[in-house]
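Asks: Single-letter residue listing:
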Amino acid sequence: MFDKQYRFKGRHAVRVDQLTSAFDAESKAQLFGRNIDVYTNAPLIGFLYGRTAETDDTKNPETNQVYNQNVMGDRVIYSQEELMFNFRLIMLLDKQYEPDEDKRIDKAFRHMGEDPKDEERFDSYVRGGVDVLYEKLIEGASEPDDYINKLYEFVEEFQDRFNSEISSDDIMQLCIKK
Amino acid sequence: MEEIKIDDKAIERLKRKIILQENMNLKTKTMSDQQMVSWIKKKIEEEAQCYFNR
Amino acid sequence: MLLQSIKLENFRQFRNESIDFADGNNGKNVTIIIGENGTGKTTFAQAFFWCLYGETEFSDKNMLNKVVASELRPGQEAKVQVVLKLKHGDVDYTLIREQIYRKDSSNRIKPDNTVFDIAKKDASGNTSYIKKSACESEVKGILPKELSRYFFFDGERIEKMSKDISNGKKAADFADAVKGLLGLNGMYSAIQHFNPRVRSSVISNYESSYNSQSNAKIKEYTDTINRCNAEIEQIDARIEELDSEIETATVRKSDKVKELKQYEEGEKLQEEKEKLQRKIAAAEKSKANVYKLMSKDFNGNLSSFFSISLIQRALELLSEKDFAGKDIPYMHAKTIEYLLKQKVCLCGTHLDEGTIPYAKVKELIDFLPPQSISTTIGDFKKESKRRAVDKKDLYGQLADHMAVISQQDDDLTDLRDDLAIVEGKLSGGDVRDKVRAINHEIQVCDQTIAKDRSERDRKIAEKARKESERDRADTERRNLTLLDETNKKIEIYKTYAERIYKELLVEYSTSEEKIRTRLQTTINDIFKQIYNGGLYLEIDEKYHISVYVTDYEGDVETSTAQSISVIFAFITGIIKMARDNRNSTDEDTKLLSSEPYPLVMDAPLSAFDKRRIKTVCEALPETAEQVIIFIKDTDGELAEDYMGDKIGSRHHFDKKNEFETTLV
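Chains as they are written, first to last, in this note's numbering: chain A, 1 to 178; chain B, 1 to 54; chain C, 1 to 664.
Heads up, a few of these hints could be off.
Label pairs and their computed distance ranges (CB to CB) [stated by the list, open to error]:
| hint | chain 1 | residue 1 | chain 2 | residue 2 | range |
| --- | --- | --- | --- | --- | --- |
| 1 | C | E271 | A | S168 | 28 to 36 Å |
| 2 | A | V66 | C | D393 | 52 to 60 Å |
| 3 | C | E271 | A | E165 | 54 to 62 Å |
| 4 | A | E81 | C | S319 | 17 to 25 Å |
| 5 | B | Q34 | C | D641 | 54 to 62 Å |
Keep in mind that the hints were calculated from the coordinates and are not lab data.
Cβ atoms here follow ideal geometry from the backbone N, Cα and C, with glycine treated the same way.
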């Protein structure tokens, strides 16, 4: 797992391209620096927002080829630990996918990556997350002001919905506990 | 260069005569400008002649 | 000039009326004509004017008597006529002005042009008619229009005249009146007859009569002199041109400089505009920078931000489990496999397949990595901890940035508003271009002025050279002519003439001053008579009149009445002086030719205070050869009382109706 090239296809490819493009010509600021950044974080978004998506095969009308955006193999390997961490998080917590707690722990740790369906599940969250990110950050925006406003609102919403009760101290406590 | 000698008294006489004549002419309008000029010249020349011969 | 009679035919409300004027026989030189306002005094006075000059001040230019006009049938015509008989110098004049009026088919009255005839009878009794073309100038010689109003003293126009006097506007007119009336005309005329600038004058005549045949060289000099004069004239003309050009350029330059000032404003605005534009660009750049920072913060925090909540839940889940217990630290499954293969345990016990030790040791595999997960979990927790620690307050950071952006947006809006205002003021093109254009024009003007000035200087130098060339030629010629009898004579005559001319010029200005002073005295004498010295005036060499009140205690009138008195005194002063000159026995004064003029006054007494009327009435007959007064009924008695024995002719207006008045 996470040792080879990853391919975005169809509309997801288009969206990843948009998410990594400069939205402000003056500063050349981008929402996401590289495709790998989308790949590592989209699954978290997909999971949190409860969104999955099937692969899409929209074609580019000019070339008549299916759109694609690649993440190079070496890039993936470079971020392998991060990807695995995020994978574990999702496996641990995806009750809908696997209701049994111990089985989830196995999927996350002991038998990580042995079931191809697990990776499949992960990928569907990747795609779902791309969709969410597109909807929240890109859709309807045209001026740099729009993108910035959308970004801010997204972060605000996210903070409020997911992170407001979290404190670093609690986490530290949980870490110490054996 | 020869100095031209002028009789001062003659000048006075001439002035008087001329002005009186001019005044009269304004009233009677007997002479035109040209005629006045001729009259004046005649008077001057008369005086000058008299002085030459002295 | 003395008036003898006037006859009006169909002239406005006068169908057929005439007046004979008192001419001074038996010491009676006053004519009075009595009539209330509206009976026709002004009309009568205007009749003089119309006869002499063909003009009136009536707004209705239709002179024809209205009754006569109404009686006309279409196609018929009627005649308006004024006959004025007067004596000027030794000549008797009869001036007849006529105008035919026709009624056309639409019942409208149309006037023809006026017809003017002058008959004159000279001292010897010869009558002649003046050519039509010469009539106007003949009248001008008797009484020029501009001076006529000094004699037709109009009580109603006093206001204006007095204003003119006090602000010195008509000073030049007064000057002319004085000089003309008080005898300087003769001298002036003589001067003109000598003036070398006048072509046919005495001096010019002599100039051109040098006998050129007697000496060719003289001719040469004469040619040189003429040529130089012609060139000098040309130079003068050019200098005038240059002066005019310089004037124009100077005026234009000052206009442009004024215009430039307007644009100075604009140039400042332009600078401001550019400054604002720069500020806006900088602000936008700064804002873009913030965008960049925000992206960077976002990108740098992604993993912690998005995963922290999951981490918490995951850790909570894991904390309920206990994994540590059976784990053997730092041992791997491979170690067990090695031992199993070796079939000997670490402690020495044999490990044979199927035995309990073997099974127990094999069981341990489950608790070792990769099978055992506590280490993995430990790693997981480590990573979790790291992410937690690493986590920055992304939301807070972005919020701060947004605040900055909000401020920047406000600033940008303000700057943009300011810019719009400035741009609004700067409508109409780039100010800098306009300023440049104007500066260029100013430069051009300066160049023109400089160029013209230097040309002018050159021309003046050239003129001086020509003048000396001419004068040299003149001197040479003179030397030559003295050698030649004929020309010598001409030279002498010319010298006489030049000398006379010079002296006349001096005398003219001296006499002029004397006259002015005498006039001042005469007028002040009149004031003494009327005001017992409460008023006096001074006339300066430009004929500006200053009035002084010396007697504040006494009964000097208001300023309007004062002005009237000034004019009255002025006119009577002139007329009196003219009369005195004429009757003078003084030799010098005799040189001044003064023609007496009548004093024609319209309602003079009403302009004066009751207290003054007596003195005025007593002074009047003494001032002029002939006095003609139009007065109101009420003043008529006063006039009889004070002037009775001087009155040689009496009339009064009898208004029959709106359209007809007769003289009784």
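Asks: When the hints from earlier in the document are held up against this structure, which numbers fail?
Replies: 1, 2
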